[in-house]
Every structure is written in structure tokens, then in C-alpha cells.
Amino acid sequence: MNKSLALGLGLALLARDLTAQTKVLFEKESKYHYIRVDEENGTRTMRFRRKGREYDESRYDPSHPNVPVLSYTRLFFSSFLFRPDAKRVLMIGLGGGSVPRLIHHYMPDIQMDTVELDGAVLEAAEKHFNFKRDEKNTVRIGDGRVHVKIMLRRKVKYDIIMLDAFRGGYIPYHLTTREFFKQVKGLLSENGIVAANMRPDFKIYDYHKRTMAKVFPSLYTFGKTGNKICVGLSRRSNVHKNEMMQNAIKLQSRHQFEFRLPALIDDYQPRIDYETKGEIFTDDHAPVNILRGIPRE
Amino acid sequence: MVFTCGWILMGMEMVGPRLMAPVFGSDIYAWGSIISTFMVALAVGYWMGGKVTRKWNTHWTLTVIGIATSICMLLLIVDVSYFVHESDATEVEEERPYIPVHRWVNDGLFDVWMDTFYKDADLLETPNMRWPTLFSSFILFFLPSALLGMASPVAIRLATMELERVGESAGHLYAISTAGSFFGVLVTSFHLIGPYRNHEIFVGFSATLTVAAVAFGFVYPMTQAAEPAVAPEHSETVTKEESPDE
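Chains as they are written, first to last, in the numbering used here: chain R, 1 to 297; chain P, 1 to 246.
Check the hints yourself; a few may be wrong.
Said to hold, decoys possible - Derived DMTMM-like pairs: lysine to aspartate or glutamate, alpha-carbon spacing no greater than 20 Å straight-line:
id, chain 1, residue 1, chain 2, residue 2
1, R, 182, P, 79
2, R, 155, P, 115
3, R, 224, R, 266
4, R, 182, P, 107
5, R, 31, R, 56
6, R, 155, P, 107
Simulated from the structure, these hints should not be mistaken for lab results.
I would like the entire structure built from these sequences, with the hints used as guidance.
As C-alpha cells, this is what we get:
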């Protein structure tokens with residue numbers, strides 16, 4: 001019985017794999033990851049492999065190039081609900097480059113700068129995710145924290161800073177600490193905001209959010225299931241849902257997004273969804289690798 | 001004592017990159033810098049240690065080396081936030097941040113490096129951070145690891161009573177020291193980094209080394225008096241039992 005069940009399951013999986021027709025478009029063992037771009041049913045996915053598991057980092061649908069496929073890509077746009085007038089945006093962690101590409105596409109006046117550790121990721125994004133660099137959409141290769149420090153020295157300011165430095169499901173620990181958030185805050189213009197991509201399924205989420213809250217007194221969370229985007233404001237303030245909605249409608253009519261920006265309001269989670277008391281990540285102590293293995297209850 | 005020195009040496013090497021990452025990134029060159037620093041320091045330490053045995057052939061030399069190393073390690077984590085301000089601080093805060101010496105050194109080197117070579121460079125260019133990483137790991141770790149390197153020849157000289165047995169005692173002590181290094185790597189990476197803060201690990205290492213050094217200073221003469229011929233081996237086993245309490 002069990003055998004036939006297993007056989008049936010195996011056949012079903014095989015059939016699914018055959019119909020899915022995965023085509024490997026790009027494959028590279030870089031200094032930091034094993035990177036692959038697969039094409040399934042016309043959709044391209046960038047995957048990093050770590051410890052034998054594949055992690056989807058970015059997805060791109062060539063038939064609808066200007067619509068975000070993964071939910072977190074869309075959720076990153078929630079940062080504009082707080083700063084609809086943003087002129088300069090910094091992103092740490094390129095991936096497939098969907099977020100900077102879409103920002104550049106819909107809001108070409110914005111100076112969009114990205115920092116990416118791995119040159120091979122940029123190569124994959126340019127080859128298969130239709131990512132194009134120009135003077136308004138730049139990429140610098142190097143460690144996120146080192147580049148933040150360099151920009152601080154040059155007194156560069158940004159209105160929005162997006163943090164999305166994942167390396168196969170985990171964040172390098174020196175990009176999670178209070179000291180890092182403080183440096184990021186130093187790069188923000190007056191009333192600048194930070195938006196961080198976080199995975200809510202492990203203990204690291206509580207620590208990460210507590211650390212962020214220590215530096216950014218007002219946090220706003222977006223995302224129902226899966227990854228959450230956590231928006232942090234440098235000053236304590238109360239942004240009401242109505243205000244976000246007005247900004248969303250204004251932006252929607254101004255930039256004609258092919259996805260509905262006001263729908264982001266439905267993803268807003270006003271409830272505090274993390275344990276507010278406890279330790280935070282510091283440069284002296286950030287057990288990221290341990291905490292990302294402990295599931296939250 | 002030799003066991004503890006081996007332990008501390010590798011333990012420090014494991015924590016090293018954690019101190020560098022916040023300033024210079026966590027690239028492979030951080031590891032390369034730390035390891036090469038330790039290798040050069042050991043080479044110098046062995047050589048110096050050999051010289052020292054000609055002048056001060058007493059067991060207290062080992063104690064002094066142990067205590068000096070502990071002081072060097074503690075110096076790395078002293079809070080200097082009274083005197084220096086966080087280079088990237090944006091506002092006055094309610095609580096003073098903890099700025100250890102190693103952060104201050106790293107930040108300083110970073111600034112000097114950037115001012116010297118990348119003052120007017122294009123922001124898009126990725127700066128080469130390898131050399132400042134190497135320099136700062138030299139400044140931070142050269143002295144303590146060279147001191148630990150000195151312990152080996154001093155201990156060999158102490159343990160050698162007859163010329164025919166010098167190979168035997170050297171082999172013996174190398175084995176003990178490397179066994180210590182093995183535990184230093186394993187325990188530090190498996191059980192210390194994570195549960196404990198970086199500065200707590202350093203304080204623990206310093207305390208262990210100081211206790212071992214002082215204990216060795218007092219226990220060694222006793223074992224010598226009791227059984228002069230095999231005494232050095234005994235003294236090793238005595239200190240060996242003391243170290244794992246950390």
C-alpha cells in the first residue's frame with residue numbers, strides 16, 4: 001500500500017516536473033553563493049543555494065515586466081506611502097533587481113542607488129531580469145555596511161533606505177545590529193524612512209524588530225503572509241491609515257502603476273506582532289545564525 | 001599552561017573576524033587577515049621566546065607571558081566611549097554606546113585609508129578594504145598572539161633536563177599545545193560565539209589565562225621538589241585540568 005502510494009506520489013511529482021519544464025538560464029558559483037536563474041512556465045526565478053536548500057530571491061515575468069511577482073517586491077512600495085515626495089532611494093541587496101527596476105520605471109525622477117555584495121548577482125539581473133543601469137539607477141558592488149559607512153563620510157542623504165540583504169534565507173549579522181541601524185539613520189534626510197524585509201517565521205524576527213525599534217521609534221508593518229516589510233520612521237509619529245490611502249491614490253494617479261498601490265493598505269498590520277521586551281542585536285552580540293534556526297511559536 | 005595558551009590562541013582567532021566585520025565587512029579577506037597576522041606573530045613569538053630562554057630560564061617567565069597576554073586581550077575590549085564619540089553618531093543619545101578599543105582602531109584605520117586613497121574617488125568604485133583589514137588585525141592581534149607564541153620555546157626549555165630528551169619534551173609540549181588549540185577552535189565556535197558577547201568571551205579568555213598562569217607559577221615548584229625528573233609533565237596535567245572550567 002505504502003509502496004504504491006509512494007510510487008504514485010513519485011509519478012505525480014515527475015509529471016509536475018515534466019510539465020513545469022524548468023529551464024536553467026543562468027548558473028554560477030560566485031565567491032558568495034551558488035546562483036541559478038530558472039525559467040518555469042515563462043516566469044524566471046533567481047535562486048541561491050545554501051546548505052542544500054534553494055531560496056527564491058527574486059522572480060520576473062517577461063510577459064508582464066512591470067508588475068511585481070513576489071509579494072515582498074510589491075510590499076517595498078509601501079515605503080512611498082510615508083514619503084510620496086521621495087527623491088533619493090537607496091537599496092541594500094539587489095537580488096533580481098525588481099524593486100529598483102520598478103522604482104526607476106515608474107518614477108524616473110528618483111535617484112535610485114543600490115549596493116550589492118556579489119557582482120555575479122548583478123550579472124544575472126542584467127542578463128535575465130531586464131535590469132539596466134544608468135545614471136539614475138546605479139549599482140555599487142561591495143559590502144552593505146562598508147558602503148553605508150562610505151556614504152556617511154560623504155554626507156550623502158537618502159529619503160528612503162530599503163534593506164534587503166539576504167544570503168540564502170539569512171541576513172549577515174553585521175547588517176542586523178543597532179550600530180548598523182544607527183548608521184542607516186545617519187544616511188537619512190530629515191523625515192527619511194527605512195524599510196526592511198524580514199522573515200517572520202523564526203526567533204530572529206523578534207530580535208531584529210526590537211533592534212530596529214530601538215533606533216526607529218515608529219514602526220509600521222506590511223504583509224499578511226510570508227515576508228514582511230517593516231517601515232521605520234526616524235521620529236515618533238502617528239501616520240494614520242487615511243493618510244497612507246491618500247498618498248497611495250495620489251501616487252497611483254501620478255505614476256500609473258500597473259498594480260494597485262492603494263491595495264497595500266490591506267497589507268498594513270497595525271497590531272504589534274513581535275515580543276517587545278528582550279535583548280537586541282549589537283555588534284558585540286548578534287547570534288543571528290542561532291536564532292534563525294529557532295521557530296517562533 | 002601550554003594547553004591553555006594553545007586554547008586561547010585559537011579561541012581569539014575565531015572571534016577575531018567578528019570584531020572586524022562591522023567596519024570592514026565579513027568577506028573572506030577578514031579571515032585571511034586574521035590568520036596571516038597570527039602566523040607572523042607566532043613566527044616572531046617563537047623566535048623571541050627562544051631568545052628569552054637564554055636570559056630568563058625560570059618558570060615565572062611563563063607566568064609573566066600569560067599575564068601580559070591577558071592584559072593585551074583586555075585592552076582590546078576596554079570601553080573608550082568616554083573619550084571618543086561614535087564616528088557615525090547622529091544625535092545625542094540617552095545611553096552612552098559601548099565603544100571598545102578594537103572598534104575605535106578599526107574606525108580610525110578605515111578613515112585614514114579612505115582619506116588617503118579614496119578622497120575624491122567615484123562613489124561607484126568599490127574600495128579595496130583588504131589592506132586596512134590586515135593592518136588593523138596586526139595592530140589588534142599581533143602582540144597577544146606573539147606573546148602566546150613565546151610560551152612554547154620557554155616551556156620546552158623548562159621541560160628539558162637532559163639534551164637527549166629535548167626532542168621528546170618538545171614533541172610532548174607541541175602535542176599538548178595543539179590539543180589546546182583544537183579545543184580552542186571547537187569550543188569557541190560551537191559554544192561561545194552566540195551565547196556570549198564578544199567582550200565576555202575576551203574577559204573569559206583573559207581570566208582563564210591569568211588563573212592558569214598564576215596557578216602554574218605556584219604549582220610548578222612544588223612538583224619540581226617532589227619529583228624532579230618527571231616534574232614538567234605533571235605540571236602540565238595540573239594546569240590542564242584548570243582550564244576547562246571556563
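**Report entry** Numbered hints the structure breaks, given as an ascending list
**Finding:** Of the numbered hints, all hold.
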